[in-house]
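Sequences are here, hints too, so could you generate the full structure?
Protein chains: 2
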Amino acid sequence: MAGKKVLIVYAHQEPKSFNGSLLKIAVEELTKQGCSVTVSDLYAMQFEPRATRNDIVGHLHNSEAFNYGVETWEAYKRGCLSKDLVEEQKKVREADLLIFQFPLFWFNMPAILKGWMDRVLVRGFAYDLSKIYDGGLLQDKLSLFSFTTGGSKEKFAIGGDIRYLLWPMQHGIMHFCGVKVLEPHICYAPENVSEEKRKEMLAAWTQRLKTLWKEEPINCSPEWYFK
Amino acid sequence: MAGKKVLIVYAHQEPKSFNGSLLKIAVEELTKQGCSVTVSDLYAMQFEPRATRNDIVGHLHNSEAFNYGVETWEAYKRGCLSKDLVEEQKKVREADLLIFQFPLFWFNMPAILKGWMDRVLVRGFAYDLSKIYDGGLLQDKLSLFSFTTGGSKEKFAIGGDIRYLLWPMQHGIMHFCGVKVLEPHICYAPENVSEEKRKEMLAAWTQRLKTLWKEEPINCSPEWYFK
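Heads up: the protein sequence lines correspond to chains Y and H, in order. Numbered continuously in the UniProt record's numbering, the first sequence closes out at residue 227. Numbered continuously in the UniProt record's numbering, the second sequence closes out at residue 227.
Please note that a few of the clues may not be correct.
If several chains are the same, the list does not tell them apart, and a pair holds so long as it fits within one copy or across any two.
Straight-line alpha carbon distances no greater than 25 Å define the calculated BS3-like cross-link-like pairs of lysine-lysine that follow [as the list claims (entries may be wrong)]: (1) LYS180 with LYS32; (2) LYS141 with LYS155; (3) LYS131 with LYS153; (4) LYS5 with LYS24; (5) LYS153 with LYS227; (6) LYS180 with LYS131; (7) LYS5 with LYS32; (8) LYS24 with LYS199; (9) LYS155 with LYS131; (10) LYS155 with LYS180; (11) LYS155 with LYS227; (12) LYS155 with LYS197; (13) LYS77 with LYS90.
In case anyone wonders, no lab produced these hints; they're calculated from the structure.
Written as C-alpha cells, this is what we have:
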C-alpha cells in the first residue's frame, strides 16, 4: 500500500539462496506497491548477536554487577545505547510492518536474528513495566515471520504442529511488545523439492504480498497455537 | 554420581549474578559427588553465535552458493570444522549430562546460547538424515535447562503455561538429537524477590542436584507441553 513503511530483517548468508529470492521478491513487490522498504541484512552487516557491556556507551548505571536488562533500559533513557542499536530502533520506530525472513534453525530463528531481538527491543523502547502485550510500546505495527524449513511439512507434523514453535517468536516477542502478528509464511524444504515447486512457492509469496495489507492479524492467544 | 561427566553451558555476562550463583552451586555440588565438570562460559569465551563461512576451515564443498547446513556437514565429515566447534563437540561427546544455565530472554535462550546450538550440533555429529529423535546421534546423554526469568510465575501464567516455550528447546533441539530431557529448573524473578527467597531458591537447586542422577527423564511429547 502506497506510503507504508516496511522493515525486512533478513538472516541468510547467501544472496543466491531461496531466502535470498524471497527477500528480493518482497523488496520488489512492496516497492512496486509504493511502500518504502528498508532491509537489515544481518549477516552482511555482521550484526552483533551478543548482549554485552559494549551496548552501553560510557559509564554504567551499576558497574559493580552487570545487569544487561537494567543497563540497556537506563542507557535507552539517557540516549547512551550503541550506534548499531539506535539505528535499528529508528528503523523499527518508523516501520508499519516488520518482516522477518530467515531459515528455521532448530525450531527457531538463527542466533543472529535472536540477537537482533535481544539487543534492539530493549525496555523503555519496546515495552515497559506495565506496558506489555496489547499495551506494549510498539502498537500500530504489524509483523510477519517468513521462513524456510529443512524438513518437509509431513516431517514437522510427526513431532507436533508447526504452530507450537511459533509461540515464543510471535507471542513471546511481537505480541509482548504490542505488535500485531500476521499469519506466518512458511516454505517447506525448498532444498528438497523440484525447480517447478520452488517457482510455485516464490509465486505464492508474490501473490500473498499483493493483498497483504488487507489481511487481518491472527488472534495471538494460546488457542491459535495449541487448539 | 562419581565418575559421571557433566558439561555446563553457561550464558551470563556477570559472575556475581544469580545465574552465576546457580553455576557455582552446580560446579561445587557435582564435583563433590565425584563428577568431572566442564564449563563452557560463553560470554567469557566470547563465543561466536553467527553461523558463517568461517566455521569451515579451507575450501568449501560448493563455493558458488553458500549453504551452512551442507557445508558444516561436509566439513564435519572431512574434519574441517573450525577449532572452537571441534572443542565444543569434544565436550559434548564426552558428557553424560548437559546443563544449560541462562537467563530467559524473550521466551527463549539468549542469542549467544542459541548460537552454540546452531554451530555445535551439526549434521553428522548430532543427528543425520534418518537419525533423529529417539534415533538421534547423541543418545545415552541427559540434558537439563536451568534458567531464571524476569517475570514472576503469576505473570508467566497469564499468557499461557511456561512449558509452551520449552518445546523448541527441549523437543526441537535436545530430543531431536536423541538426548533425554530432565525436568527444567526454573527460578522465577530472582531480581524481584527478597534475599531470603533468593537463598531458598539457591538451596533448592543444591538439593535437587543431590538426587539428580535418580531422576527419570520427562516424556518429551506434546502431552507434556500442551496437556
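So which hints don't hold here, by number, going up? Nothing - there is no hint that the structure violates, so all of them hold.
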